[in-house]
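The listed protein sequences derive, respectively, from chains A and B.
Take the first sequence: its letter number 161 is residue 161 in the working numbering, and every next letter is one higher.
Take the second sequence: its letter number 177 is residue 177 in the working numbering, and every next letter is one higher.
The hints are simulated quantities; they were obtained by calculation from the structure and are not laboratory data.
There may be inaccurate statements among the hints.
Said to hold, decoys possible - Over the 10 Å line for every Cβ pair with chain B, so calculated as not near, a few chain A residues:
#1 Ile-62
#2 Pro-80
#3 Asn-91
#4 Thr-108
#5 Phe-114
#6 Ile-132
#7 Asn-161
#8 Ala-163
#9 His-174
#10 Ile-192
#11 Met-233
To be verified - In silico lysine-lysine, DSS-like type, Cα no more than 25 Å apart, as pairs:
#12 B:Lys-432 x B:Lys-454
#13 A:Lys-51 x B:Lys-432
#14 B:Lys-267 x A:Lys-48
In this text the structure is predicted, and so the values were computed from the model without any measurement.
For glycine and all other residues, C-beta sits at the position ideal for the given N, C-alpha and C.
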Amino acid sequence: MINVKIWDPRLKLTWCLFLVLTALISRNMVLDLVLLLTILITEIITEKSLKRFKVIAILLLIAGSQVLIINLLFGRVGEPVWSWWILTVYNGSLIASLLGFLRICVITISAIQFAYNTDATDIAQMLIKWHIPYRYAMLVPITARFFPVMVNEYHSICDSNSARGVPCDTVMEHIRNLPAAVMPLIYRALRISNDASLSVELRGFGRYETRNFQKTIGLRPFEGIMILFIIMMYISIMLCIMFL
Amino acid sequence: MKPIISIDLEALVFPEEKEAALKNIKLDINQGDFIAVTGGTASGKSLLLHAITSAAPKFYPCTIEGTVRVADRNVEEIPLCEMADYVGYMMQEPQNQMISRVVYDELGFGVANMNLSSEEIQSRVGEIMSFLSIQDFAHRYTDALSGGQAQKVVLGSILTLKAPILLLDQPAAELDPKTSSELYKYLSWLNKNEKITTMVVMDKSREVLKYADRVVVMENGTVKDYLNTEEYKNKYQQKEKNRRPIELMVDHEIDIVKLMGASHIYKGGIVGCKAIDFTLKKGDFTAVIGQNGSGKSTMLKLIEGLLKPTEGSIELFGSSVTKKNIGELRRRIGFLFQNPDDQIFCSTIKEEIGYVLKRKDDSEAEKNKKIQDVLAFIGLEGSEEVHPQRLSRGQRQLLALGSVIISEPELIIADEPTSGLDESQSRLVMEKLLLLAQQGKTVLLVTHDLSDAKYFANRIVVMNRHELVLDFNADQMDCFTDDLIKMELM
Numbered sequence: 001m002i003n004v005k006i007w008d009p010r011l012k013l014t015w016c017l018f019l020v021l022t023a024l025i026s027r028n029m030v031l032d033l034v035l036l037l038t039i040l041i042t043e044i045i046t047e048k049s050l051k052r053f054k055v056i057a058i059l060l061l062i063a064g065s066q067v068l069i070i071n072l073l074f075g076r077v078g079e080p081v082w083s084w085w086i087l088t089v090y091n092g093s094l095i096a097s098l099l100g101f102l103r104i105c106v107i108t109i110s111a112i113q114f115a116y117n118t119d120a121t122d123i124a125q126m127l128i129k130w131h132i133p134y135r136y137a138m139l140v141p142i143t144a145r146f147f148p149v150m151v152n153e154y155h156s157i158c159d160s161n162s163a164r165g166v167p168c169d170t171v172m173e174h175i176r177n178l179p180a181a182v183m184p185l186i187y188r189a190l191r192i193s194n195d196a197s198l199s200v201e202l203r204g205f206g207r208y209e210t211r212n213f214q215k216t217i218g219l220r221p222f223e224g225i226m227i228l229f230i231i232m233m234y235i236s237i238m239l240c241i242m243f244l
Numbered sequence: 001m002k003p004i005i006s007i008d009l010e011a012l013v014f015p016e017e018k019e020a021a022l023k024n025i026k027l028d029i030n031q032g033d034f035i036a037v038t039g040g041t042a043s044g045k046s047l048l049l050h051a052i053t054s055a056a057p058k059f060y061p062c063t064i065e066g067t068v069r070v071a072d073r074n075v076e077e078i079p080l081c082e083m084a085d086y087v088g089y090m091m092q093e094p095q096n097q098m099i100s101r102v103v104y105d106e107l108g109f110g111v112a113n114m115n116l117s118s119e120e121i122q123s124r125v126g127e128i129m130s131f132l133s134i135q136d137f138a139h140r141y142t143d144a145l146s147g148g149q150a151q152k153v154v155l156g157s158i159l160t161l162k163a164p165i166l167l168l169d170q171p172a173a174e175l176d177p178k179t180s181s182e183l184y185k186y187l188s189w190l191n192k193n194e195k196i197t198t199m200v201v202m203d204k205s206r207e208v209l210k211y212a213d214r215v216v217v218m219e220n221g222t223v224k225d226y227l228n229t230e231e232y233k234n235k236y237q238q239k240e241k242n243r244r245p246i247e248l249m250v251d252h253e254i255d256i257v258k259l260m261g262a263s264h265i266y267k268g269g270i271v272g273c274k275a276i277d278f279t280l281k282k283g284d285f286t287a288v289i290g291q292n293g294s295g296k297s298t299m300l301k302l303i304e305g306l307l308k309p310t311e312g313s314i315e316l317f318g319s320s321v322t323k324k325n326i327g328e329l330r331r332r333i334g335f336l337f338q339n340p341d342d343q344i345f346c347s348t349i350k351e352e353i354g355y356v357l358k359r360k361d362d363s364e365a366e367k368n369k370k371i372q373d374v375l376a377f378i379g380l381e382g383s384e385e386v387h388p389q390r391l392s393r394g395q396r397q398l399l400a401l402g403s404v405i406i407s408e409p410e411l412i413i414a415d416e417p418t419s420g421l422d423e424s425q426s427r428l429v430m431e432k433l434l435l436l437a438q439q440g441k442t443v444l445l446v447t448h449d450l451s452d453a454k455y456f457a458n459r460i461v462v463m464n465r466h467e468l469v470l471d472f473n474a475d476q477m478d479c480f481t482d483d484l485i486k487m488e489l490m
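So that you can see chain B by itself, here it is in the shape it has in the complex:
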């Protein structure tokens, strides 16, 4: 049987780069295979998918030595707009890929380009909508969708093409465990029943391993291993993260954050969070977990003062939050956002790290010392003059963390800082947060990843339907397994 994807790449080199971004890759994938692709930071996983679609070099200029064949055709000979016959490709960040205002139009965008009849378009869109259970928001605006909904819509618009190959780059990166599990079940069903060849860049959840036949392990732009799932698990997968004993200097006398019946209702009556009673002690590493839309981010924004409580009150560092003191209180908080690109705005790493020091009276020597210390902490020393956008997403997240901790905040709030990162990148970020907690900082982490919460935090708070429903010591997690399963968090 001829492979449906055949890659024989000697080198893929970007202009002005000495090192090949992909090298010595020989890979054959048969029709109906379900392949997971994994590897460390900047190992070339996404680029491999770009090479298969011929986006590299047709969209991202580069030189290629070797050939990539899809359905026995050299992809170089296939115009990009004809690739839809062979490949459905879903990149990271689904919101960036939607171009229609309304969900229904987005789902039909690809098939409308194929010039099919209106009846055929309607039938394909209808079929996919019921398959993905998205009929409820078929007429909603695409910019009003949650991360999980957007991911389903982009996937749907690709599935309507009925291409024999699906390439998906971390399709569940922004999804909570329940939605992520549903998505992989859909993909597995398609793979088994429709014989759709599927290649998925694995995110840190490793859920895809339940369904994948083989795993491609990439390192430094080349395929290090091509194993079946069992071999991969034996060779690479760490044993299930056990709770590790964390010694934190928690001072139970000092309240850093105190929410007293705090609620926030958005315009139009949309509930953000309801009657939250929560106290964060000095030195705590607390993880807030919950499904998408459970009110976690709203709670964080209330604490940071980006939103005001519509009911109840908030105390930070022992003082009530008022319009007058919010600026001063904020200076004692470091907020790490989900998307590092939202908080990176300088043209060099050094400038970015030192941005908040501009307002301080320290001498140049002191400022430089602080910057160097932070660079060493986040592992970016020697890259002072590099443009932040040249870093990988994981490195950009570390840079954002560096720009937050340079002002020596007492409280660090991290809103899903590992979203969109692979396992190795997210581990790097989480280790740094833990290190900060061990140095006496108070850390408040919002995450979907229960294993991160269990492994790194000393306390876990669970939010469900906008309310804080559970608050327990991470050691006692096993006692709450039933509740967590009921809330579909496990």
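Only chain A is shown next, with the shape it has when bound in the complex:
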């Protein structure tokens, strides 16, 4: 297994941006499909599994089906391929739906791949290298820390709601009983953020202009070459799309 986590975050960000921007400028389903396959292949090479994309794949399929339904109902592009009563389906709508779906897939999955493979403190380091004050850069790892905390809080609130006769077992029950979970979650979030901000100040955060992060990031030669290669690849694809 290749340990992508140790790679420079700027290389991983360049790769992610390449995929996102190419998907945005692409008007070709084949290119989008190639991009999607590239992400999946790199994932298999680095992680030997696609398990990390399981949840998002389900969500993307739901979103994709919505895009398809809306396009089929209201799209009027291309030739009619099927008709029943007032409903007519055009082939252009099908293509547009698939293109839209593939784009969403490439953008979402590449962003998730970047988020999974990049440590939040590395992102903070990257922002510091771009001369963003560390007080703001540190917001990234702090957010990364509180996301799972809030998920745990939400689960414990759901458990206590269930015990009080507000069931939270199925997705529908979660949605229906959201108001009962949201209020305590907001109180908890406010309390946690309050305590956390006092705690960081009392440990000297923001006292000096700089801070010793212990671990710093540095671009190795092969990473620099990779970034250049990715940029050149993007320019080539863009030129091909523009002139071919």
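Since the structure of chain A is provided, determine the placement of chain B on it from the hints.
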């Protein structure tokens, strides 16, 4: 010798409050003192620590008449981010105070802010890790830590600052007796050997009294007494709780809960509890005790149906628990959680208490009567329109209890309901549970506090390493002292 902390406060008043939250406090604390702070609900213990750190008024806006001096400097003149030079402050709820994803980074967070060299940071973090014996989980995620581990990590991140004063707000509130005892030993060692001035808000365990030199007793926002430990013990400390005779109407014919070889294994193969055989009779007040992570909470969640047994079976009120009847069975159970804030979601006390009545067909008059009865029971009558978040934690726990008992459950399950409460608050909650048991309700209590179990329950069940190992009548506790000591529960 000049005191290291000198408090001369006439009043500390929060905006829109008529009463001063702290008043007439004159207190001098010398370097190397070990002070325990105690007092009743909302007596101002935590606020006193906030005033010393200058978090009140700098973080919590309020007006202060008087001065607080630390190391001969007026704290008003010291920016909050410079207080780390003087004070290491650990608040309640350690999970809220950690901001790094990984334990090692959290330990080094404060020293990294001081801009020390990487070698110095590594040396300080390494020293504290071995001092607190937390090397084993140095690279674990902070959100995956148990309460006890989180408490050690937060303490560690403060100790790395090497501040001359330590302020700790109920540092052992979530710890089992063994870990709590270890923590106070560490603090005492630091106090004696490093001359670190230590101020600890006392939790109900009173373990800190073994090490404290003096005790500050607070009442209504002022210092009522400032005594040495012996004087405090003579004046305030109740004699060791003796087993009190409890008359409960236990019906040995009716099984309320029956666990038959019930086990639960979490995802990833983590064992929750193993092969539990346990029967709870109608009218019983049973206490389940055990170390952190011994499987007590998992067992409760199995009973409540929040988790399913991976092996064995469960019967509630004489029926096997199935997906179909779990909702109906749950309505007969009231579950009181460790953290009251998890189950409070309305904007007034009245609304909160009456939440479950919304689904019932009672008339408005009947509903109001029930609400008033419950409010009187929990001692919050007259506060119907108050926002729950304005109550103290003990009062919020009572409110949660009120919102549970209004549906008149036959079985009340309480998962460490006194965790994070001081002695007076926890006594209030426990008295109410006992009263309910005496009214014929069945109560199943999970607690770390052996004296609560001994004093209030009529039966004690001990869990150790995910298994139920002892089950005896509370009267016979003395016969099991050796076993309890072996399991580090005494």
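So, going through the hints one by one against the coordinates:
Consistency note on Ile-62 of chain A: stated as away from chain B, and its beta-carbon is indeed over 10 Å from all of that chain's, at 24 Å minimum. Taking the minimum C-beta to C-beta distance to chain B, about 48 Å, the non-interface status of Pro-80 of chain A holds against the 10 Å cut. Every beta carbon of chain B lies more than 10 Å from that of Asn-91 of chain A, the smallest distance being close to 46 Å; the non-interface claim holds. At the 10 Å boundary, the C-beta of Thr-108 of chain A stays outside the reach of chain B, the nearest C-beta of that chain being 23 Å off.
With a least beta-carbon separation of about 17 Å from chain B, Phe-114 of chain A lies farther than 10 Å from that chain, consistent with its non-interface assignment. For Ile-132 of chain A, the shortest C-beta to C-beta distance to chain B comes to about 17 Å, beyond the 10 Å cut-off, and the non-interface label holds. Distance check on Asn-161 of chain A: its Cβ comes as close as 7 Å (rounded) to a Cβ of chain B, failing to clear the 10 Å threshold; non-interface status is violated. Its beta-carbon lying about 4 Å from the closest one in chain B, Ala-163 of chain A breaks the requirement of being farther than 10 Å from that chain.
The Cβ of His-174 of chain A sits about 15 Å from the closest Cβ of chain B, beyond the 10 Å cut-off, so the non-interface label holds. Against the 10 Å criterion, Ile-192 of chain A falls within the reach of chain B, whose nearest CB is about 5 Å from its own CB. No Cβ of chain B comes within 10 Å of the Cβ of Met-233 of chain A; the nearest lies about 33 Å off, and the non-interface call holds. Straight-line distance between C-alpha atoms of Lys-432 of chain B and Lys-454 of chain B comes to about 16 Å, which keeps the hinted pair within the 25 Å bound.
Distance check on the hinted pair: Lys-51 of chain A and Lys-432 of chain B sit about 49 Å apart at the alpha-carbon level, beyond 25 Å; violated. Distance hint between Lys-267 of chain B and Lys-48 of chain A is fulfilled; the C-alpha atoms sit about 21 Å from each other, no more than 25 Å.
The structure fails hints 7, 8, 10, 13 (numbered hints given earlier, in ascending order).
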